Each structure stands twice: as structure tokens, then as C-alpha cells.
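Just so you know, the protein sequences line up as chains A and B, in that order.
Heads up, the final residue of the first sequence is numbered 222 in our numbering, and it's a clean run with no missing numbers.
Heads up, the final residue of the second sequence is numbered 1221 in our numbering, and it's a clean run with no missing numbers.
No lab work stands behind these hints: they were computed from the structure.
Predicted, not measured: the structure shown is a model, and the values here were computed from it.
Some hints here could point you the wrong way.
[As the list claims (entries may be wrong)] Below are the EDC-like pairs computed for lysine to aspartate or glutamate, each with C-alpha atoms no more than 16 Å apart in a straight line: (1) Lys1092/B - Asp63/A; (2) Lys122/A - Glu1097/B; (3) Lys1148/B - Glu1136/B; (4) Lys1172/B - Asp87/A; (5) Lys1172/B - Asp65/A; (6) Lys1172/B - Asp194/A; (7) Lys1172/B - Asp180/A; (8) Lys122/A - Glu1088/B; (9) Lys122/A - Glu1093/B; (10) Lys138/A - Asp120/A; (11) Lys215/A - Asp194/A; (12) Lys122/A - Glu1089/B; (13) Lys210/A - Asp180/A; (14) Lys203/A - Glu184/A.
[Stated by the list, open to error] Heads up, incomplete: computed chain A residues facing chain B, CB under 10 Å, no partners named: (15) Ile42; (16) Val43; (17) Ser46; (18) Asn48; (19) Leu64; (20) Arg93; (21) His96; (22) Asp112; (23) Gly119; (24) Pro125; (25) Gly126; (26) Val127; (27) Val135; (28) Gly136.
[Stated by the list, open to error] What the simulated footprint calls covered on chain A by chain B, stretch by stretch (three residues with Cβ under 8 Å from a Cβ of chain B suffice, anywhere in the stretch; the number is not a length): (29) 80-89; (30) 99-108; (31) 188-197.
C-beta: ideal position from N, C-alpha, C; glycine also.
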Amino acid sequence: MPLNRKQIAWRAAQDLADGVYVNLGIGLPTMVADVLPEGREIVLQSENGVLGVGPAPGANEIDLDLVNAGKQPVTLVTGGSYVHHTDSFLMIRGHHLDLALLGAFEVAENGDLANWTTGDPKFPPGVGGAMDLAVGAKEIRVLVEHTTRGGTPRLRRRCGYPLTAAGVVRRIYTDLAVVDVTAEGFLVREMVEDIDFAALQAKTEAELRKAPDLKVLEAPPF
Amino acid sequence: MIDKRVKNLADAVAGIKDGATVLCGGFGGAGSPEALYAALLEQGARDLVVVNNNAGTGRTGLAGLMAAGRVRKIICSYPRSSGSVVFEELYKEGKIELELVPQGILSERMRCAAAGLGGFLSPVGIGTQLAEGKEEREIDGRRYVLEKPLRGDVALVKADRGDRWGNLSYNKSARNFNPTMAQAAALAIAQVRRFVELGEIDPEQVITPGIFIDRLVEVPG
């Protein structure tokens, strides 16, 4: 079975080490906040000036002055703090964050990332903090469904959409696989059990290589 | 004696001219100076260039100004949100100009203006459409583009508490762009939830010192 969105978020969360500072992009990456591994102190940064984002508030605890990058109400963990936007992006651009987990339209085998515009003139583009994050965090990982709803691969030889940043993505978590971006292209580290490698390749535009220690990608039911 | 408090919203926005560049605080609804937008609509200034992270939602506030045809151009990082209907309509019809700026660059360009600097070199957007046409420099092997300062004629900001000197404190993530925008405009106008006595905000908690604020008006809520 392909992973559902929460399971993709869960899988990405498993790779977050104790003590890391992480920015979560809007959409799928935001869900990582709800499935963090217990027993580790992982500090979530939100671009709008929150360092130490906590879980979603209960219905009676909602404060519209405390929101995340997607403008959803959040809480602050003990030890958290607030900064203004300029300082928030100083953290982001100045390599102070260990990691940013971002969504994407497309990722290329050379690590190029496209996630801000499809180039359709009827729809206004929106870059938000994506370009700052893509060049500023120490490492970029992407969470994305392996294909579009129509079946078009999102893991490509080269991005068709305009780039957010060139050569920045190191790891991709999808509903079907965990794929590293290496100097030789895409390397599959894990894949779900009930799909074979040829079928995974058929859903991917760029050539995939299999890691010698290929593991099964699985996540608890959500 | 210094007293920057004004009695009402009309006094707060008096004198804002047609064609002004207006820096508008807030991130979505958090820290958004809604009452000042309504007052500016009433005041009547047109042909405005608005700087905000987003492009308004619903039909009131910033969206209300746009719906009334008062905004010529918007400079923002992320115009599309759920409910950004007015902007999307105007954009499709070609009735509003959009300058899209990466979020941190938007903020830093205003900081740059506030700090009296002529620009800065940024790696953001290198190799992308948003860096096209910008002057490029290589420093220690890394490529940068020149980003220019972004100065406001006016800033509309929202804070939690303010005193008669214009010292401001904020609430949680409602701080966002407000402190930088207050610093980067010739005329900085603050909507505050509560006026407090001078000295009541602990000096360690003053986020925007009064030197940056010209007028403040009390709007509970």
C-alpha cells in the first residue's frame, strides 16, 4: 500500500535527530509537527517568527496571534520564543537551521527544486519563504506524492517548472519510496512492499538506482 | 512633551497621499492593522503601492482597499491564500500589478532602507526567474544578486500595547513584519490594542522603540 500523507510525514519525522532545528514548509511538511518521535527535543521554526512551534491547540486554546507559516493556529513549546520577520529570515538564510522540510511540484535528479509556480499566467505565483529556505537551511529534504493525481511523475530528469533553487535537495520522502539525491542521480533507499522496482521506475521520469541495502518503507497506520 | 497618540482613526491616517507606498504589517490575519485599512478606505487615497506578505482575504481590510480600486500595485511574497478572491479577480483581469519577492528578501529590503543602506547581496533566487535582470556579483566563490532597499512613505502596523512616546510591544507571532515596517517608512502609524502609561512596558519588552513611530491609535481587539 502507498503511504498516506500522514504516514509520509511520520517517515520524514523518524530521521529528525535529537536537538535539530527544523523549518517545516506549508502543506504536507506541516504535518510532521503532529508525528514527531517521542523522547527527542526537535525545535520547529516557523518563518513568521516562531522558534519552538508546538502541536495544534485545543478548541479553547486557539490564539489567532499564534499561527504557523500556513496561518493555522499553533502553540509554543516551553523554551520557545518569538522574533520579528527579519530575524526569522536571518535564521533561515544564514545557515542557522539544520534542516528544512519542503513540499514540491517537481524535484530533479540533480537536486533542482520547483515548488513556487507552474507558470500559468492565469494563476498568480506564490514564493513565500521557499527560495530563502532552499538556499539558507543547511539541508533540504522534500515531502511529496510520487506522482500527480493524473499520474505524472514528480521525480524528474530536469524540472519542467521554473526553479526555486538549483541542486539543493538531498532526500525525498514519497508515498512509495525514500529516495536520496546523489552525484549519480536518484538512489532508492526504501520502497513500499507491494510494488516492484520496475513499477516504481515506471512512476519516475529519471532513472532510479537501488541501494545495496534497500529496505522496506513502512509506517504505522494513521 | 511627546504625545504621539491620536484620538481617532481618521486622524491616524490623515494626509496619506495618492500614489504612496504603504508598508502593511501582518502575516495573514496575525498582526494585521484591519482598522487602519478601513480608515484608509474612508480617507480616500488612491493609486497606492502596497507592501504586505499576502494580498488580502475576504472583501474587507486590505482586500477592501483593492476591491475599491485604490491599489495600483502589490509587492508581496505569497498572494494566493484561501479567500484571496479580490486579488485573484483583479490579477486575472490585469487590473493590479504584482511584484513577487521572496519573503525574507521582502523583509530584508525594508530593513536595509530602515538602516540607511543602499542595498545588499543575496544568494536567494540565483538561477531562477526571480533573479532575472538583477545585477550579479561573486563573493568568495558564491553567486549573489544585488537587492535594493524598499522604503515606505507610510507604514500601517499593529501592536499589542503602546505608550505616548510610541514604544510598542507585540503579542506572540503577531509581531512578524510590523517592527521592520515601522522602521522603514517616513510616516509610521500604529494601531494598538491598548494605550498604557509611559514606563508600563518593561524596557526589556519594548520591541519597537518610540523613535520609529509617528502616530498611534487605540483599537481594542
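Against which earlier hints does the structure fall short, listed by number upward? 1, 6, 7, 10, 14, 15, 16, 21, 30 and 31
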